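Participant: Each chain is listed here by its residues.
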Amino acid sequence: MKLGKEVIQLLLLSFSLAVVVWLALGIRGEVYYCPPKEALGEGEVCIESVREEEGVLWVDARVRSDFEKATAPAAILISAHPDEDPQLQIAEEAEALVQAQKIIVFCRSQACESSKVIAKLILESGLHTEVKTLHGGEAALKSVGLLVPAE
Amino acid sequence: MYYFFPFLVLLLCILPSSAQIVFEETFKKVDAAPDAETVTVFFPFMVEGGEVVEIAEFDTPCSCLSVAITDDRRKWQPQEKGIVTAVFKMGNFKGEVDKHILLRLKGEQTPSEKLTVRVKIPILVEIEPRTLTWSQGEGLVEKSISIVINQEEPMTILEVKPTNQNFTYHLETIKAGRKYAIRITPKKTDQQCVGVIRIHTDAAIEKHRQYTAFVVVKKKLQKSEVSE
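Sequence lines, in order, name chains D and X.
Residues in the first sequence are numbered consecutively from 1, following my numbering.
Residues in the second sequence are numbered consecutively from 1001, following my numbering.
Do not rely on the hints blindly, as some may be mistaken.
List time: in silico DMTMM-like cross-link candidates among lysine to aspartate or glutamate, alpha-carbon distance up to 25 Å [what the hints assert, rightly or not]:
hint	chain 1	residue 1	chain 2	residue 2
1	D	Lys69	X	Asp1035
2	X	Lys1179	X	Asp1035
3	X	Lys1218	D	Glu93
4	D	Lys132	D	Glu6
5	X	Lys1120	D	Glu151
6	X	Lys1089	D	Glu151
7	X	Lys1120	X	Asp1071
8	X	Lys1187	D	Glu95
9	X	Lys1219	D	Glu130
10	X	Lys1161	D	Glu151
11	D	Lys120	X	Asp1098
12	D	Lys69	D	Glu124
13	X	Lys1179	X	Glu1138
14	D	Lys116	X	Glu1142
Quick caveat, the hints were computed from the structure, so don't treat them as lab data.
Note that the coordinates shown come from a computational prediction; the quantities given were computed from them, not determined experimentally.
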């Protein structure tokens, strides 16, 4: 009888803790963890290493509708979507690209490849040599509150 | 020796349940025609093992790629054959690009199959370098961009339209329809500036009618900045 009571108490405690964790993570939004440096892909950076840096130009490689809803601070759109012309967008944003100290391209998720495609195009344009992609994409920006409503 | 029988029976029971989808190839390289709007790639597969396989989901991280499975079927019997068809919408893209398709089977947490399509869309006008750079305070020296037509039929460079008038531009025909050069000289280099050069061609295909190159006067790096 006593054992049964203790089991129920333990279950209730576990359930309460689970609710607390769920509420905490739910409020913060999507959970994002940066992997160790050696696990990052070529040209990838973690949000923690760049969030405080000055002179970073964020390049949003997602679709236009996502960019228009929320994006990184002062980000520009260079999209690999078939309806867009990334070469034309690079030309239109040439001045911003040249003046940036560092360019970081992001897309929807870790699985998306648009950021890598756009980073390659910017490097090939010769306008900048310091072009990186953001590990985790949109989720990484969300985790530190850097995905803000578009201006 | 007889002690091993139960383990052997158990092993035989487990083996047929390890059914899986086996693709003939998981990587395909496609050279697209310069005027192709889409590229279609087929990935034939067969179900190996003794159990039914169910495709829980397939994901394409790019909106430019659509995927279909034979008869839109998710459940596949042992030894059955099917095809995953990927259609790549090329839009305005030129150059080489890898696109992936991720397949996750029912009961799996993460995708077990990754199919890759490498599409090469020809660049008909080779521009080298894409960006000409001068340092702030540098002499007003002429530099040039080389343009080579990368297809059998000749293509004419009709005109170059620069956006920045701090430079003088001269389009030179080296071999009509095949090779050109743009000779560019800055009028001043005391301030940083950026310009876009739009290169217009008479290409039959619309997406090859305009290419871009850039001119930049960059801030001269201080010694301390160089050593950092």
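Participant: Of the hints given before, which are not true for this structure?
Facilitator: Result: hints 1, 4, 5, 6, 7, 10, 12, 13, 14 break, sorted rising.
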